[in-house]
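Chains as they are written, first to last, in numbering that gives the first Met the number 0: chain L, 0 to 198; chain S, 0 to 83.
If you are wondering where the hints come from, they were derived from the structure by calculation, not from laboratory data.
Treat the hints with caution; some may be incorrect.
Heads up, simulated DSBU-like pairs for lysine-lysine below, C-alpha to C-alpha not over 35 Å straight-line [as the list claims (entries may be wrong)]:
(1) S:Lys66 x L:Lys52
(2) S:Lys72 x L:Lys41
(3) L:Lys52 x S:Lys72
(4) S:Lys2 x L:Lys52
(5) S:Lys82 x L:Lys52
(6) L:Lys49 x S:Lys2
With the Cβ distance kept under 8 Å, some of the chain S side facing chain L (calculated, not the full set) [unchecked claim]:
(7) Leu15
(8) Asn16
(9) Leu17
(10) Gln18
(11) Asp19
(12) Ile41
(13) Leu44
(14) Glu45
(15) Val48
(16) Gln51
(17) Gln52
From the three backbone atoms N, C-alpha and C, an ideal C-beta is built for every residue, glycine too.
Residue-level listing of the chains:
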Amino acid sequence: MTAEHYIKESCLITAAGIFKNDELIFDNEGLQPSEFLLAAYKGLNLHYPKFYKMDVLSKLGWLCAEVLLQNGSLSAYQPEEIAVITANSNASLSADLNYAETISSIASPALFVYTLPSIVIGEICIRHGIKGENTFFVMDKFDADFMVEYVSGLMDGQTTNACICGWIEALGDDAKAVLYLIEKKETSREFTVTELNKD
Amino acid sequence: MDKLILELKEHIIEQLNLQDLTPADIGDDEPLFVEGLALDSIDALELIVLLQQQYGIKLSKAEDGPKVFASVKTMAEYITANKA
Numbered sequence: 000m001t002a003e004h005y006i007k008e009s010c011l012i013t014a015a016g017i018f019k020n021d022e023l024i025f026d027n028e029g030l031q032p033s034e035f036l037l038a039a040y041k042g043l044n045l046h047y048p049k050f051y052k053m054d055v056l057s058k059l060g061w062l063c064a065e066v067l068l069q070n071g072s073l074s075a076y077q078p079e080e081i082a083v084i085t086a087n088s089n090a091s092l093s094a095d096l097n098y099a100e101t102i103s104s105i106a107s108p109a110l111f112v113y114t115l116p117s118i119v120i121g122e123i124c125i126r127h128g129i130k131g132e133n134t135f136f137v138m139d140k141f142d143a144d145f146m147v148e149y150v151s152g153l154m155d156g157q158t159t160n161a162c163i164c165g166w167i168e169a170l171g172d173d174a175k176a177v178l179y180l181i182e183k184k185e186t187s188r189e190f191t192v193t194e195l196n197k198d
Numbered sequence: 000m001d002k003l004i005l006e007l008k009e010h011i012i013e014q015l016n017l018q019d020l021t022p023a024d025i026g027d028d029e030p031l032f033v034e035g036l037a038l039d040s041i042d043a044l045e046l047i048v049l050l051q052q053q054y055g056i057k058l059s060k061a062e063d064g065p066k067v068f069a070s071v072k073t074m075a076e077y078i079t080a081n082k083a
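Go ahead and model the full structure; you've got the sequences and the hints to work with.
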């Protein structure tokens, strides 16, 4: 079967480093997730003061999207044409636990706002001016079949012509994000289950 | 007052996670919202928490907020006037 949608760009962030289209662009020299994300933010010379205020999940997703879209990849689209579909298995549990710790004294509003996994999508949309469809799914593990079917269904509709999709997970010492920019224009990487399962 | 203003700037940087700033980057009379530091509504809540945690002051009237949180200097003046 010929794919109708294609991967234009991809970004993978793991404990090993940050990879843009499978090429290492920022190495991790053994730092824990929160320290590594901060080091990468500074090392990649990014400027977005709100980054410091985000929880680890939002920092991870925001940074992944920043690298994914750093070549102005969305400029051909209207804000309403771009969708963001992401998933993970622990929702916002890391932020939930941090917030729970503050409840015994004075609950922190700044921590409370990150106690939903979909907030990371909001951070990405605010940064890149995206106003299209967006959903954050919580599932046991990354389900490439589901992601391809759901995103393809969206892009077969009338409004979505580009989609950022993937997995954003951060809990404790474990953090991994992989985002793809999916378009209808043909590239060398087809948007298929096989391709998504490589990461 | 100068000592309180410096201390307040340090608390604001820590409480609001403004890690790319130093106290010297924040002007005493610089607006905290809209212009200047461009803080948002969540930051306003954090400043209320800061007053309560660090100085034991509860902002009793919400309508006083814009005046109290206009700048670091106005915050320091409010703390000085209301500290037990």
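Hints, one by one, checked against the model:
Taking the CA atoms of Lys66 of chain S and Lys52 of chain L, the gap is about 25 Å. The hint holds against a cut of 35 Å. The hinted pair formed by Lys72 of chain S and Lys41 of chain L meets the criterion: a straight-line CA distance of about 31 Å does not exceed 35 Å. Restraint check for Lys52 of chain L and Lys72 of chain S: satisfied, since their Cα atoms lie roughly 24 Å apart, inside the 35 Å limit. Between the alpha carbons of Lys2 of chain S and Lys52 of chain L the distance comes to roughly 26 Å, so the proposed pair stays at or under 35 Å and holds.
A hinted pair counts as satisfied when its Cα atoms are at most 35 Å apart, and Lys82 of chain S with Lys52 of chain L qualifies at roughly 29 Å. Taken as a hint, the Lys49 of chain L and Lys2 of chain S pair is honoured in the structure, with Cα atoms around 28 Å apart against an allowance of 35 Å. The beta carbon of Leu15 of chain S is positioned within 8 Å of a beta carbon in chain L (closest approach about 7 Å), and the interface hint is therefore held. Against a cut-off of 8 Å between C-beta atoms, the interface hint on Asn16 of chain S holds, since the closest Cβ of chain L lies about 5 Å away.
Hint status for Leu17 of chain S relative to chain L: holds, with the closest Cβ pair at about 7 Å, below 8 Å. At a threshold of 8 Å, the smallest CB-CB gap from Gln18 of chain S to chain L is about 5 Å, leaving the interface hint in force. This hint holds: Asp19 of chain S has a C-beta 6 Å from the nearest C-beta of chain L, less than the 8 Å allowed. Interface restraint check: Ile41 of chain S against chain L, minimum CB-CB distance 5 Å, threshold 8 Å, status holds.
Residue-level restraint check for Leu44 of chain S holds (minimum Cβ-Cβ distance to chain L is 4 Å; threshold 8 Å). With 8 Å as the threshold, the beta carbon of Glu45 of chain S comes within range of chain L, its nearest partner Cβ sitting at about 5 Å, so the hint holds. Contact between Val48 of chain S and chain L, as hinted, is supported at the beta carbon level, the nearest pair being about 5 Å apart and thus within 8 Å. Because the beta carbon of Gln51 of chain S sits about 6 Å from the nearest beta carbon in chain L, less than 8 Å, this interface hint is met.
For Gln52 of chain S, the suggested interface contact is upheld, since its CB lies about 6 Å from the closest CB of chain L, less than 8 Å.
Violated hints for the displayed structure: none, as all numbered hints are satisfied.
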